[in-house]
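Let's have the full structure, built from the sequences with the hints guiding it.
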Amino acid sequence: MALAAIYSLFIINKSGGLIYYKDYGSAGRMDTNDSLRLASLWHSMHAISQQLSPTPGCTGIDLLQAHNFDLHCFQSLTGTKFFVVCETGAPNMEMLLKVIYELYTDFVLKNPFYEMEMPIRCELFDLNLAQVIQKDRVALLGR
Amino acid sequence: MIGVGKAKQYANVLDKPLSRGRQEVSLSAFAFLFSELVQYNQTQVDNIAELERRLEDAGYAVGARVLELLCHREKGNRRETRLLGILSFIHSTVWKVLFGKVADSLEKGTEHEDEYMISEKELLVNRFISVPKDMGAFNCGAFVAGIVKGVLDNAGFPAVVTAHFVPIEGQQRPRTTILIKFAEEVKQVCIV
Chain V
1 MALAAIYSLF IINKSGGLIY YKDYGSAGRM DTNDSLRLAS LWHSMHAISQ QLSPTPGCTG
61 IDLLQAHNFD LHCFQSLTGT KFFVVCETGA PNMEMLLKVI YELYTDFVLK NPFYEMEMPI
121 RCELFDLNLA QVIQKDRVAL LGR
Chain E
1 MIGVGKAKQY ANVLDKPLSR GRQEVSLSAF AFLFSELVQY NQTQVDNIAE LERRLEDAGY
61 AVGARVLELL CHREKGNRRE TRLLGILSFI HSTVWKVLFG KVADSLEKGT EHEDEYMISE
121 KELLVNRFIS VPKDMGAFNC GAFVAGIVKG VLDNAGFPAV VTAHFVPIEG QQRPRTTILI
181 KFAEEVKQVC IV
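Each protein sequence line maps, in turn, to chains V and E.
The first sequence lines up with residues 1 to 143 when you count with the working numbering.
The second sequence lines up with residues 1 to 192 when you count with the working numbering.
These are computed hints drawn from the structure, not numbers from a lab.
Computed cross-link-like contacts, SDA-like style, restricted to lysine to any residue with a CA-CA straight-line distance of at most 20 Å:
| hint | chain 1 | residue 1 | chain 2 | residue 2 |
| --- | --- | --- | --- | --- |
| 1 | E | K121 | V | L127 |
| 2 | V | K98 | E | S28 |
| 3 | E | K133 | V | I19 |
| 4 | E | K121 | E | L179 |
Looking from chain V toward chain E, a few residues come up when the C-beta cut is under 10 Å (computed):
| hint | residue |
| --- | --- |
| 5 | N111 |
| 6 | E123 |
| 7 | F125 |
Chain E stretches covered by chain V per the calculated footprint, using a threshold of three residues with CB under 8 Å from any CB of chain V:
| hint | segment |
| --- | --- |
| 8 | 22-32 |
| 9 | 38-45 |
| 10 | 131-137 |
Glycine included, every Cβ here is placed at the ideal spot set by N, Cα and C.
Below, the structure is given as structure tokens:
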């Protein structure tokens, strides 16, 4: 399915530390410190929202819609959060997050050289992620 | 009626026929188990060469058993006595049973008489593994090299078997080659 432009992808571990950050946009590139701060900020907001929710059984923020961007978040059963900042109204982001989660379980968790909760430095993960993003980008925008 | 449809009970477990068993195993289950094998051995060794040797030894045990099993199941208890015979046995039968497909290619080395190479675009055991840069040329395919060594040694063709990454023009991921170097006595007895 076609997907609109993604600005960035974040993966944070269960304690809120940033373990993967990829920037796809041409504007607003963040440096490392900013991305770390943003990740822990999101982690806290996600946790607070679970407490604040008026409905019982809330599992946190799934979607944040702002004027210029959308933020979709997916939390796995273990507390690892995958969130993507994309342009407003972008379709099928939830599916993209599930695909990225599958790539994570394959190329990061099955890698014997990856330490749990540490930053992700797996060549195969990067390669396959780039392929998934590129395939969708070409399908819609012809870029 | 009691007893209808019940499997025949054998008095002695050794009399039970060897079943073919389930042909397939979950790839994810194997990947996690293999990952744990590598991690466990990493804690026991000081350097990369030791780690490769340990994986090879683990593979050797598998190779020895696979040879016995496949000779019984696939080839009717006949053993290979020729070099090309055992190599094509490994290249097709062993690979098919272990990895679900035959190996990509089997080649004779050009530089030395006693060298043969089995090539694969990507070994099944390496499918989910990204080796960090600081480990140099380490290849978890040493496990597969150990399997091949186990088969060859127990079939009477002693050899030194190693796994190497071979970079290919225009492809991001290198191919893997299992290099088989036969021992002196094999060269003298079996001339192709």
